[in-house]
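Q: Residues per chain, in single letters:
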Amino acid sequence: MTVQNPQISGDFSPAQESQFRPAMAQRYRWDRVFRLATLIAIIISLLVLAILLIDVLTDGLPRLNWQFLTSFPSRRAEEAGLLSALVGSIYLLFIVALFSFPIGIGAGIFLEEFVSDGWLANFIEINISNLAGVPSIIYGLLGLAAFVRLMEPITGGRSLLSGGLTLALLVLPVIIVSTREALRTVPDSLRLAGFALGATRWQVVRDQILPLAFPGILTGTILALSRAIGETAALITIGALTFISFLPESWKDPFTALPIQIYNWVSRPQRPFHINAAAGIIVLMVLLLLMNSVAIYLRNRFQRKF
Amino acid sequence: MNSGLPSEQSSGLWQPNRQLSKRTEGIVKSIFGAFALISVVTTFGIVLTLIFETFEFFQEVPLWRFLTDRQWTPLFSNAQYGIWVLISATLLTTGIAILVALPLGLLAAIYLSEYANPKIRKWLKPALEILAGVPSVVFGYFALLTVTPFLQRFIPGLQGFNALSAGLILGVSIIPLVASLSEDAIYSVPDSLRQGAYAIGATKRETITSVVVPAALSGIVASFILAVSRAIGETMIVSLAAGQNPTLGFNPLVPVMTMTAFIVQVSLGDTPAGSLAYKSIFAVGMTLFLMTLALNILSFWVVRRFREKYE
Chain B
1 MTVQNPQISG DFSPAQESQF RPAMAQRYRW DRVFRLATLI AIIISLLVLA
51 ILLIDVLTDG LPRLNWQFLT SFPSRRAEEA GLLSALVGSI YLLFIVALFS
101 FPIGIGAGIF LEEFVSDGWL ANFIEINISN LAGVPSIIYG LLGLAAFVRL
151 MEPITGGRSL LSGGLTLALL VLPVIIVSTR EALRTVPDSL RLAGFALGAT
201 RWQVVRDQIL PLAFPGILTG TILALSRAIG ETAALITIGA LTFISFLPES
251 WKDPFTALPI QIYNWVSRPQ RPFHINAAAG IIVLMVLLLL MNSVAIYLRN
301 RFQRKF
Chain U
1 MNSGLPSEQS SGLWQPNRQL SKRTEGIVKS IFGAFALISV VTTFGIVLTL
51 IFETFEFFQE VPLWRFLTDR QWTPLFSNAQ YGIWVLISAT LLTTGIAILV
101 ALPLGLLAAI YLSEYANPKI RKWLKPALEI LAGVPSVVFG YFALLTVTPF
151 LQRFIPGLQG FNALSAGLIL GVSIIPLVAS LSEDAIYSVP DSLRQGAYAI
201 GATKRETITS VVVPAALSGI VASFILAVSR AIGETMIVSL AAGQNPTLGF
251 NPLVPVMTMT AFIVQVSLGD TPAGSLAYKS IFAVGMTLFL MTLALNILSF
301 WVVRRFREKY E
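Chains as they are written, first to last, in full-length UniProt numbering: chain B, 1 to 306; chain U, 1 to 311.
Rather than coming from a laboratory, the hints here were simulated on the basis of the structure. Wrong hints could be hidden among the right ones.
To be verified - Quick partial rundown of chain U residues pointing at chain B, CB under 7 angstroms, derived from the structure:
id	residue
1	K29
2	T43
3	V138
4	T203
5	K204
6	A273
Stated by the list, open to error - Covered stretches of chain U (in silico footprint by chain B; criterion: 3 or more residues with CB under 8 angstroms from a CB of chain B, positions within the stretch not fixed):
id	stretch
7	17 to 25
8	124 to 130
9	280 to 286
All C-beta atoms, glycine included, are put in the ideal place defined by N, C-alpha and C.
Throw the hints in and build the complete structure from the sequences for me.
A: What follows is the structure, encoded as structure tokens:
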């Protein structure tokens, strides 16, 4: 049969029509239904997000005041606050950044710039993609065995340092992958130009490639940090859920963090604690949105085309 | 080396120290190489920790009891260790989550890739990224305190802790993962295939369902498998909303205890290191690790084995 334009189906002779029924009206109706279904799917997803945010805001906003931000946890919900959790989260953030940035960026540079595609690069590559799929609670078990138990003399057991190291391991694959992606956007011609001038690989990377890739790397690392700040399971596993009514003074001190304090409040039966949890969630989400918008700003501000 | 270089005549400004540069290069390379090996060390650390503690656990609890007991009561005096109790709960919440995330995620991906115009897409993608960035403890709050009371209006038998609302919200939390990975796969289907389908008279929907989606199937299936793996390992939503009650079976209306929820429950208590309960969380962790690892490898394999190559 020759190709027919389905739009002019009215011109078919009856014999042809019996074999070739384009039924365009019906097919277009299904097209509209399908298109609507895809649209509804994305609207449902975002609607849940919107309801979640509105729900948290209406519950938590009235509770959010200066007293809430500057008080320690308490057995009475009305007096409780999240000072120790907020400070703990900020300390954790510093520790995670301190360990995961140099290690993750260094590893990314090594894999992208220094090794060619050999078995070693392949092996590490498979390793990293596997690590990215390991549930965070398993990292918690590793942290419990390695940092809390095995290295207790150094870390001080269930301490800020143990928590920070566990989270640093958790976000390391993310940082390595985003570093490599940022380095990959810098064109090879710049590297070759550097080599042509007699620079070593490290000199080329340090002086030419890294400054250009840095905004991209920074964006990725900030997103990794925002993942660390919302992480709960790994911290609970290493035993961070304790009643902390003081601020940590060294990194060997026990600690609490925002998501852990929220978990604690949610899992209590009394309604006032749930309101505290909602207020805590607002603080956590504001922090996350702040970090994400810095990342997006950096991406837009320094994005360049080569 | 030096003969051809204008070192004698040139000014004092040009004094390359090749030896130093080489040494620096070597030092930097070995330090960064060591950093890269930390990922390998982490993997070994995880595997060794799990194997070591799990081995100790199975010294005291025989493997066949782990696999055949019909109850999970490790904290009782006459302890029983039927891992299937925890696995059934995990499969239940994961199953519900996949029923939510799979159709919604795939359809959302199709909308983003095939229908949305660039302006709307520019807004929708960051919105989905926000959904992906919501910490799971927040989803747990939502499942327990908003979704469950809401569902209880329609489902009379629904208890305060249940697998249903945990699974539903778990599904919502992995929609962005399914959507973004599937969208990558769909987006990378070359346009010539679509044009070909239009050329033989297919409508847009027909093109999508019988050409584009099949062409992207390996990537879509891989994203589903990763989503299952993520749902199995998710912790905070299920431990907050599904409850802490180890029961064997697949009733979504009653409290159940997943593998991850059990690890959380023991971690919250004051279990002394070396006790059987302490070792049991590593045995459960090992089971969880093996399940997610198998899924991750499967997903990797699917992409490799079934990828359609164009050009």
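Q: Checking C-beta pairs, does the stretch 124 to 130 of chain U have three or more residues closer than 8 angstroms to chain B?
A: n = 6 at 8 angstroms, threshold three: holds.
Q: Should the interface hint for T203/U be scored as holding, given a Cβ-Cβ cut-off of 7 angstroms against chain B?
A: holds, 5 angstroms
Q: Are A273/U and chain B close enough, Cβ to Cβ, to be under 7 angstroms, as the hint says?
A: holds, 6 angstroms
Q: So, K204/U near chain B? Judge it on the closest CB pair being under 7 angstroms.
A: holds, 6 angstroms
Q: Tell me if chain B covers the stretch 280 to 286 of chain U under the three-residue, 8 angstroms CB rule, please?
A: Three-residue rule met by the stretch 280 to 286 of chain U, so holds; n is 3.
Q: Less than 7 angstroms between beta-carbons is the criterion; does K29/U satisfy it with respect to chain B?
A: Holds, about 5 angstroms.
Q: Count residues of the stretch 17 to 25 of chain U with a Cβ under 8 angstroms from any Cβ of chain B, then say if the count reaches three.
A: holds (count 4)
Q: Was the hint right that T43/U lines chain B, CB cutoff 7 angstroms?
A: Constraint on T43/U satisfied, holds at 5 angstroms.
Q: Holds or violated: the hint that V138/U contacts chain B, with Cβ atoms closer than 7 angstroms.
A: At 5 angstroms from the nearest chain B Cβ, V138/U passes the 7 angstroms test, so the hint holds.
The structure is consistent with each of the numbered hints, conforming to all of them.
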